[in-house]
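Q: These are the residues of each chain, in order.
Number of protein chains: 2
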Amino acid sequence: MAEWWAEVITIGNEVVSGRTVNTNASTIARRLTSLGFTVRRITAVRDELDEIASAFRESFSRRAKVIISSGGLGPTYDDKTAEGLAIATGLPLELNGRALQMIAEKYNKIGVPLTEERKKMAYMPKGADPIPNEVGIAPAIYLVFNGVEILATPGVPREMEDVLERFVRSYMRTRPDVKYLEESFVVAGVMESAFAPYVKEAVKRFDLYVKTHPKGLEVSNPLLEVQVAGSSRDEEELKRRITECVEFLKRKALELGGVVKG
Amino acid sequence: MAEWWAEVITIGNEVVSGRTVNTNASTIARRLTSLGFTVRRITAVRDELDEIASAFRESFSRRAKVIISSGGLGPTYDDKTAEGLAIATGLPLELNGRALQMIAEKYNKIGVPLTEERKKMAYMPKGADPIPNEVGIAPAIYLVFNGVEILATPGVPREMEDVLERFVRSYMRTRPDVKYLEESFVVAGVMESAFAPYVKEAVKRFDLYVKTHPKGLEVSNPLLEVQVAGSSRDEEELKRRITECVEFLKRKALELGGVVKG
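Keeping their order, the protein sequence lines are chains A and B.
For the first sequence, the working numbering begins at 112 and goes up steadily by one.
For the second sequence, the working numbering begins at 112 and goes up steadily by one.
Among the hints, erroneous ones may be present.
One copy or two, it doesn't matter: identical chains are merged, so the pair holds either way.
[Claimed, not checked] Below 27 Å or equal to it, Euclidean Cα-Cα: the simulated DSS-like pairs (lysine-lysine) are:
hint : residue 1 : residue 2
1    : K176      : K363
2    : K230      : K363
3    : K237      : K361
4    : K363      : K326
5    : K220      : K350
For the record, the hints were derived by calculation from the structure and aren't laboratory data.
Predicted, not measured: the structure shown is a model, and the values here were computed from it.
Pulled out of the complex, with its shape left as it was, chain A reads as follows:
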């Protein structure tokens, strides 16, 4: 099965310095996963042109089909995503007429002039499509480059989410022909290291992704969340396979003296 690779890029010193927890990356990655993509990598870079351009270029080289970024679209001097994307793609950065209109309308409504800083948000790589941002001002940048769909969203979480959903519903063309499903359950009283050989066996036997997430303490109070997930073109077959795998693992957990919850 060909992988439907996707990547997430987060732009902002506040994320890279650890000041802000990168919830945007998780939200975007979760949405991409739910659509059947395999998110290959999440990269967070600083507000610097070289760094932004490199991050996009590296994602291109890893053959991502969809790349979604967040951050760096605002009016300040350190908002450099549009320019970084222009460098990465080799496309000229230009004033996008429709983007300018979207921005002008918002400021007009409140009688505020369109300064250079505000106009800045309308500059996009040539050929980009601005996607309206209903929560804030800066439109998102949608660009198809060498068959790769690129969406650059603002960094403010509510704005990012607004734009992301509009993108998924109305713009996005790449749709994996697979369905992604997952199921989880919790086992108390079995150490991760004791369960490990059965996880390995289950992965081989059912060709699924199985991961144990330790929630308690390995030795004194072991508690494991067991996640079983997979993608397939055949949803019914996938469902059956996941159910069988979960049953197998629950049985092994009970044999090891564990208590199965959920």
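Put chain B on the given structure of chain A with help from the hints.
A: Frame of chain A, contents of chain B only:
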């Protein structure tokens, strides 16, 4: 001023798929920032050998002085950080005697045998130093490679934090000869786009890092957190410069009709 670059690598499908928010990366990055490092990049990759090895190699090529990873040190088949690090450095993976002893002691205490899955946590690249993990089982891997300090911590947050602090206190050799300081305040009633030219001016004038974090809505209810930060060898001079910059920005915010808080 030479930059004290550091990088953070997170290993785990649960992070890349968006299932888990990457709080580990923020915790590590914040700690590195507090020590005077500039975190250049945070990379999250899947539990795959090639991906892990690439992530480390790419950090080497960006001249990071310190690289801290989290995840992939456990007993299961998909815990591959030690092997990925061995590939990235070209060092053989071998059973580390001291790591094995640390692990054996923990399991002995509760009368549980040392299975292959449990022994797996003692494999490290040749020359690595195991750092004890007081919260869990898997020791961290500390390796100095071509002058770069590498720390691989477990993915369970409490274990990562335990090991990270032990590393900073007792192992870490690279210490930036700079002090990092930051100050923040909040401005209500000034749009980020209106404040942008003064931020730009302040950055130039005081040679500091200034960032506005929009917390409200740009147009109807603007609320900005303004962060002023910098590093310097001379702490007193840095303090003065930050104070002057904050005063300058607060004055501009008031002139624009804003209310300054904090």
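Q: Determine for every hint whether it applies to the structure shown.
A: Each hint tested on the structure:
1. Taking the closest pair of Cα atoms, K176 and K363 never come within 27 Å of each other, the shortest separation being 39 Å inside a single copy and 45 Å across copies.
2. Proximity of K230 to K363 under the C-alpha cut-off of 27 Å is restricted to the inter-copy arrangement: shortest distance 21 Å between copies versus 62 Å within a copy.
3. Taking CA atoms no more than 27 Å apart as the test, K237 paired with K361 passes in neither setting, with 55 Å inside one copy and 38 Å between copies.
4. Proximity of K363 and K326 under a CA criterion of 27 Å is satisfied intra-copy only: 19 Å inside one chain copy versus 49 Å between copies.
5. For the homomeric pair K220 and K350, neither the shortest alpha-carbon distance inside one copy (51 Å) nor that between copies (42 Å) is at most 27 Å.
Of the numbered hints stated above, those contradicted by the structure are hints 1, 3 and 5, listed in ascending order.
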